[in-house]
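Put together the whole structure using the sequences plus the hints.
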Amino acid sequence: MADVYGLAAFAVLAVATLAGALGMLVARNVVHAAYSLLAVSVTSAGLFALLEARYIALVQLLVYAGAVAILNIFTIMITLRRREDAVRSRDFSLPGALLALTFFAVVVVAVLDGGIATRTDVLAFPGVIEFGERLFALDGWALPFEISSLILTAALVAAVWWTREGGER
Amino acid sequence: MSVGLNTYLVLAAALFAMGLYGAVSKKGAVQVLMSLELMAVAVSLNLIAFSRYVTPIEMTGQFFTVFVMVVSAAEIGLGLALVLAIFKSARSSEVDSLNELKG
Amino acid sequence: MNWVALIPLLPAAAFVVLLPLSRAMRARLLWLPVGAMATSCALSVAALARVWPGGKLEEPAWAISWVLGTVGGKSLSLGLALDPMAAVTLLVVTIVATCVQVYSLGYMHRDPREGWYFAVLSLFTAAMLALVLASDLLLTFAMWEMMGLCSYLLIGFWYESEGPRKASQKAFLTTRVGDLGFLVALFVIYANSGTFDLATVLQDAAGWAPGVAVAVSVGLLWAAMGKSAQLPLHVWLPDAMAGPTPASALIHAATMVAAGVFVVARTLPIFKHAPMVMDAMLWIGVATAIAGGLLACVQHDIKKVLAYSTISQLGLMFVALGVGSAVAGMLHLTTHAFFKSLLFLGAGVIIHAAHTQDMREMGGLARHLPVTTATFTVGSLALAGAFPLSGFFSKDEIVTVLLYDHQYAAVGAVLFASALTAFYVTRLWFRVFSGPEQSEELHEAHRSMLAPMGVLALITLGVGFLSPTFMEFLGYKGVWPKPTVALTTTVVAALGISIGWWFYGRRSVVVNTRAWKARLGYLYDSLVHKFYFDLTYDRLFVKGYFVAAEAASQFDAKVVDGAVNGAGTAWVATATGADRFDRGVIDGAVNGLATLARSCATLLRRVQTGRAQSYQRLVVGAVVLLMLILVVTRGA
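For the protein sequence lines, the chains are A, B and C, in the order given. So for the first sequence, my numbering puts the first residue at 226; every next one is plus one. So for the second sequence, my numbering puts the first residue at 7; every next one is plus one. So for the third sequence, my numbering puts the first residue at 5; every next one is plus one.
Note that these hints are calculated values from the structure, not bench results. Mixed in with the good hints there might be a few duds.
[Unchecked claim] A few chain B residues facing chain C, derived, Cβ under 8 Å:
no.	residue
1	Ala29
2	Val30
3	Val74
4	Val77
5	Val101
6	Glu106
[Said to hold, decoys possible] Counterexamples of contact, computed for chain C against chain A with all Cβ distances above 12 Å:
no.	residue
7	Tyr194
8	Asn196
9	Pro374
10	Glu448
11	Trp484
[As the list claims (entries may be wrong)] Covered stretches of chain A (in silico footprint by chain C; criterion: 3 or more residues with CB under 8 Å from a CB of chain C, positions within the stretch not fixed):
no.	region
12	281-287
13	329-335
We put the CB at the ideal spot given by N, CA and C, even for glycine.
Here it is in structure tokens:
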């Protein structure tokens with residue numbers, strides 16, 4: 226039986242993601258661009274879920290769709306003087322386009338050239354609980370996790386310091 | 007017919023390419039950051055796809071994605087904070103106007 | 005018999021002694037040169053006695069030689085030898101020289117440089133005596149040149165004036181032209197015989213190739229023509245009268261001009277191998293005799309008359325040599341020496357008395373200068389060739405040898421010249437001694453000047469009768485002149501004297517010479533201009549020389565200096581070019597490098613845009629490029 230629902234879901238999500246990304250690029254209004262990014266975040270969360278990465282999907286929604294998008298919008302609002310400034314030109318750049326297209330072509334060629342063995346026999350995928358257990362396991366991913374949290378702390382401190390009253394020094 | 011690894015990889019590559027384009031061509035600082043975010047998403051998608059199709063049991067890709075997301079979040083936060091700080095002094099968040107290191 | 009060497013050495017020593025002294029010192033030592041000369045004269049008498057009775061000798065009576073050195077295997081030697089010809093010439097020269105020196109004591113008495121005069125006179129005589137005694141041609145030539153120098157010094161004795169200066173230069177240069185001939189002859193002789201010894205050369209001459217004898221003869225003849233004032237090298241002798249009169253008496257009567265004749269007479273055997281040259285000599289002598297005679301007829305200066313007369317008489321000597329008769333030439337040389345020097349010394353007295361040299365301003369000296377008149381008359385008659393004076397005998401001898409050689413044309417010419425001689429000497433005599441006095445104080449000379457003149461007059465009276473002895477002494481048959489010849493010459497002389505008397509001697513009639521001059525017209529003009537010899541020489545050689553000198557000077561200024569300047573300019577241009585090269589190329593290269601670095605820097609600096617996105621692009625671009633390469637190579 227063809228996994229028709231899976232296929233359809235993928236198609237819808239994929240198209241939506243691409244549309245959102247495209248929208249982000251071509252949007253004239255920077256606020257619209259921010260909303261497009263939000264859409265991308267949401268649809269990519271869906272793709273994650275489709276790929277049996279339920280925890281990641283949820284975290285994606287929480288972090289990106291929730292916090293990051295909001296941060297984006299807030300920053301835009303703060304850095305706008307007038308309402309009109311939100312609208313600006315599309316900023317087309319040929320070198321950038323060429324670069325992106327070349328990159329895409331190269332990767333596609335590399336991928337389609339094939340050779341990556343896939344496992345198709347597994348039917349049961351680990352769940353969130355298993356993910357969590359492994360994440361905090363000492364012989365698992367605990368150490369990297371702690372280190373990454375340090376990074377986050379440093380970033381937060383830096384961010385606070387940069388935006389304090391008295392300007393940058 | 008089912009969606010294979012390659013499909014997801016191509017999709018991720020497309021997203022990444024789009025984010026790349028935005029990063030190198032957008033003039034507004036916030037827009038550049040947003041493009042960087044897009045690239046991060048594409049990377050995460052890549053990793054998850056690999057995790058699902060190559061190491062489904064070990065879930066390696068998923069764990070890696072966690073860290074990617076952490077770093078990405080830190081980066082976004084710090085970046086936006088910087089934009090705000092620069093905006094305060096330069097009264098503009100145009101990337102091109104920040105060229106005092108011009109040689 | 006080595007005391008013979010003293011004959012030239014004594015006067016030479018006198019010169020050497022006088023040379024370094026001051027004027028005052030020299031003036032006090034005048035007895036030295038005069039004494040030396042008198043001693044030489046005595047020694048000459050002794051030498052003659054030793055050589056007596058002479059004749060053709062196999063070997064010289066005395067000879068001495070020194071080897072100077074050896075060059076490349078060949079030795080160079082100088083030598084003296086005494087043979088009859090030399091002995092007789094020695095006597096003639098020393099007698100005349102002594103008379104002249106004694107005379108000069110009076111004549112040059114008040115001259116400030118009297119001492120130098122006597123010194124040069126001594127040197128001159130020494131040179132002549134050495135030439136006479138020389139047994140090799142090199143010494144002959146050396147003495148020949150020495151006499152040229154002394155002549156220059158004596159003619160230009162009063163160098164304060166321009167006349168003597170120019171005259172001495174002219175004499176020196178003209179005789180120099182002649183000396184080239186001597187030099188060429190010497191070269192040819194040495195090339196063919198390997199020696200300068202006269203005896204050897206004369207023997208070798210028979211074996212020479214035909215052209216060689218001709219070359220040598222021509223060279224010697226040319227030299228003799230210069231020294232003995234033959235046409236066309238005669239031009240210096242009249243001008244040489246600018247020197248002191250006694251010096252002229254010595255140089256231009258007895259010695260220097262005789263040297264040419266003497267050398268030719270000595271080397272006559274060589275000439276005998278070149279008959280054409282002898283013919284040339286004959287006709288040169290003829291031409292000179294006639295030209296000299298003609299020119300003497302139109303001179304107003306008494307000394308110039310005597311000068312041209314000398315030229316004419318020397319021509320006669322060459323005529324004699326031209327037919328191969330050394331003895332006739334030598335005989336006339338001897339008689340001429342005595343009577344001509346006598347005439348010159350007399351002229352000195354006349355000039356001193358009349359205070360002028362121009363005969364037109366003279367007259368009636370006979371009444372006031374008796375001794376001078378007497379001696380001068382003797383000399384004049386001898387010059388005219390009147391019997392029984394010496395000149396008669398020598399002239400007759402010349403005519404005799406000409407007839408013997410069947411040279412009838414030459415005989416006619418000689419007779420014509422003799423007629424001229426008689427004419428002009430008569431003209432001179434009457435102009436000077438007869439007629440009204442034109443000057444107030446006319447007084448006779450001091451006896452120190454008259455004595456030598458008297459001696460010479462006596463010799464002139466007597467020596468003619470010694471001519472056969474003379475000829476035998478020299479090794480030839482001694483003969484008296486033939487009656488026909490004697491008669492002819494006497495008639496000719498009488499003719500000349502009569503014409504002279506007719507023009508200048510008659511008291512009752514004064515001839516209008518101007519009318520005669522007008523009648524002769526063109527001939528007279530050319531005579532006055534000395535046949536235009538001097539004019540031609542001046543235009544051709546003197547002016548030509550100056551043109552050449554100017555051209556050379558221009559060449560030097562333009563070409564040589566131009567080259568030097570050009571080299572300088574080229575050097576400067578090179579330096580400038582090098583400087584430009586240094587500046588342009590080398591500095592340019594260095595600057596260029598700097599500019600290149602700057603351009604590169606400016607170019608590369610554009611990477612540093614300061615904009616984050618451009619750096620981004622670069623980095624991403626590099627990564628994408630690497631990925632591309634990987635994919636492509638893996639695919640390949």
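How the hints compare with the structure:
| no. | hint | verdict |
| --- | --- | --- |
| 1 | Ala29 | 6 Å, holds |
| 2 | Val30 | 5 Å, holds |
| 3 | Val74 | 18 Å, violated |
| 4 | Val77 | 18 Å, violated |
| 5 | Val101 | 6 Å, holds |
| 6 | Glu106 | 6 Å, holds |
| 7 | Tyr194 | 108 Å, holds |
| 8 | Asn196 | 110 Å, holds |
| 9 | Pro374 | 146 Å, holds |
| 10 | Glu448 | 141 Å, holds |
| 11 | Trp484 | 146 Å, holds |
| 12 | 281-287 | violated (count 0) |
| 13 | 329-335 | holds (count 4) |
Hint check: violations occur at hints 3, 4, 12; the rest are consistent with the structure.
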